[in-house]
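Chemist: Residues per chain are reported as follows:
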Amino acid sequence: MTITVNGEPHLAAGAMSLADAVALLTTKPAGVAAALNGEVVRRPDWPQTPLADGDEIEVVTAVQGG
Amino acid sequence: MDDPLVIAGESFSSRLIMGTGGMPSLDVLDRALVASGTELTTVAMRRVDPAASGSVLDLLAARGIRALPNTAGCYTAGEAIRVARLAREALGTSWVKLEVIADERTLLPDPIELLTASEQLIADGFVVLPYTNDDPVLARRLEQAGCAAVMPLGSPIGSGLGIRNPHNIELIVESAGVPVILDAGIGTASDAAIAMELGCAAVLLATSVTRARDPELMATAMREAVQAGRLALRAGRVPRRRHAQASSPAMN
Numbered sequence: 238m239t240i241t242v243n244g245e246p247h248l249a250a251g252a253m254s255l256a257d258a259v260a261l262l263t264t265k266p267a268g269v270a271a272a273l274n275g276e277v278v279r280r281p282d283w284p285q286t287p288l289a290d291g292d293e294i295e296v297v298t299a300v301q302g303g
Numbered sequence: 076m077d078d079p080l081v082i083a084g085e086s087f088s089s090r091l092i093m094g095t096g097g098m099p100s101l102d103v104l105d106r107a108l109v110a111s112g113t114e115l116t117t118v119a120m121r122r123v124d125p126a127a128s129g130s131v132l133d134l135l136a137a138r139g140i141r142a143l144p145n146t147a148g149c150y151t152a153g154e155a156i157r158v159a160r161l162a163r164e165a166l167g168t169s170w171v172k173l174e175v176i177a178d179e180r181t182l183l184p185d186p187i188e189l190l191t192a193s194e195q196l197i198a199d200g201f202v203v204l205p206y207t208n209d210d211p212v213l214a215r216r217l218e219q220a221g222c223a224a225v226m227p228l229g230s231p232i233g234s235g236l237g238i239r240n241p242h243n244i245e246l247i248v249e250s251a252g253v254p255v256i257l258d259a260g261i262g263t264a265s266d267a268a269i270a271m272e273l274g275c276a277a278v279l280l281a282t283s284v285t286r287a288r289d290p291e292l293m294a295t296a297m298r299e300a301v302q303a304g305r306l307a308l309r310a311g312r313v314p315r316r317r318h319a320q321a322s323s324p325a326m327n
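As given, the protein sequences belong to chains A and B, one line each in that order.
Just so we're on the same page, the working numbering is the position in the first sequence counted from 1, plus 237.
Just so we're on the same page, the working numbering is the position in the second sequence counted from 1, plus 75.
In short, the hints are calculated from the structure, not lab data.
Be aware that one or more of the hints could be misleading.
Straight-line Cα separation of at most 20 Å, SDA-like style, residue types lysine to any residue; simulated pairs [as the list claims (entries may be wrong)]:
#, chain 1, residue 1, chain 2, residue 2
1, A, 265, B, 136
2, A, 265, B, 132
3, A, 265, B, 250
4, A, 265, B, 125
5, A, 265, B, 89
6, A, 265, B, 167
7, A, 265, B, 124
8, A, 265, B, 303
9, A, 265, B, 101
10, A, 265, B, 318
11, A, 265, B, 134
12, A, 265, B, 302
13, A, 265, B, 128
14, A, 265, B, 114
15, A, 265, B, 319
16, A, 265, B, 323
17, A, 265, B, 129
18, A, 265, B, 121
19, A, 265, B, 137
20, A, 265, A, 250
21, A, 265, A, 289
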């Protein structure tokens with residue numbers, strides 16, 4: 238299946254959870270949020286959130302600004 | 076704590092809220108934040124960059140400064156709400172500096188989208204601090220919607236033009252029941268002092284420090300200007316007079 242993580246396509250060989258998708262970008266234990274197809278998913282729910290072909294994932298953190 | 080700033084029931088001894096955008100490095104940012112004495116500092120939410128080195132969040136945590144996420148870069152209520160929800164999840168705070176801008180050239184707030192986003196975020200349990208126009212009517216509407224503060228601009232973001240309509244800021248302060256925080260447009264220390272003398276509860280600034288030749292020194296200037304302006308407000312300025320009034324006794 239192909240998913241999109243922060244705008245970049247990613248080809249997954251097998252089943253993937255949202256936690257796996259986030260781990261492609263960062264292993265930080267805090268300060269990170271993820272949205273699946275526009276809906277925020279709470280961090281404790283990431284491992285139990287399976288991904289499907291075509292899913293769009295956004296992984297964000299705080300940066301300098303404002 | 077003497078004369079604290081109180082927002083949504085939480086007290087701060089510093090009345091200077093800092094932004095972090097535009098700093099040449101995290102090291103310079105660190106020194107400027109310490110010099111400013113700030114206890115509350117804005118951050119933006121962006122896609123994770125695996126190549127990024129250092130973290131503004133780690134810096135703020137190490138200094139005991141509370142992070143205030145903003146919704147900078149959002150043009151609609153929907154976008155701002157989505158970013159606020161991501162920020163709440165990432166940072167564990169329901170506080171948000173709500174920015175909904177109308178266009179890239181002026182970066183002025185879109186009042187319709189701003190009020191809509193405020194109402195929806197407040198219904199969702201957020202503590203909303205809206206970056207708003209210097210419009211007393213809009214400020215009142217935002218307060219009525221339940222915003223924890225109102226943050227009128229002095230002039231456009233990053234312009235350094237100071238407070239272009241001090242009369243409007245005074246009108247907002249006069250009728251507001253929540254803290255009024257002057258947000259955007261500060262160019263130099265005297266602008267920050269004037270904001271406080273007009274009765275603002277705090278000043279939020281970034282560019283005037285981060286793009287100053289010496290950010291750390293300007294941060295010190297801003298800290299002292301905010302304190303001086305606040306003290307002057309509490310002390311009560313003398314009335315303006317048309318003619319001179321001798322300060323020495325008359326000759327006998």
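Chemist: Please go over all the hints and tell whether each is borne out by the structure.
Modeler: Verification of the hints:
| no. | hint | in the structure |
| --- | --- | --- |
| 1 | A:265 / B:136 | holds, 15 Å |
| 2 | A:265 / B:132 | holds, 12 Å |
| 3 | A:265 / B:250 | violated, 45 Å |
| 4 | A:265 / B:125 | holds, 10 Å |
| 5 | A:265 / B:89 | violated, 31 Å |
| 6 | A:265 / B:167 | holds, 15 Å |
| 7 | A:265 / B:124 | holds, 12 Å |
| 8 | A:265 / B:303 | violated, 41 Å |
| 9 | A:265 / B:101 | holds, 18 Å |
| 10 | A:265 / B:318 | violated, 66 Å |
| 11 | A:265 / B:134 | holds, 15 Å |
| 12 | A:265 / B:302 | violated, 38 Å |
| 13 | A:265 / B:128 | holds, 12 Å |
| 14 | A:265 / B:114 | violated, 24 Å |
| 15 | A:265 / B:319 | violated, 66 Å |
| 16 | A:265 / B:323 | violated, 67 Å |
| 17 | A:265 / B:129 | holds, 12 Å |
| 18 | A:265 / B:121 | holds, 15 Å |
| 19 | A:265 / B:137 | holds, 16 Å |
| 20 | A:265 / A:250 | violated, 24 Å |
| 21 | A:265 / A:289 | violated, 24 Å |
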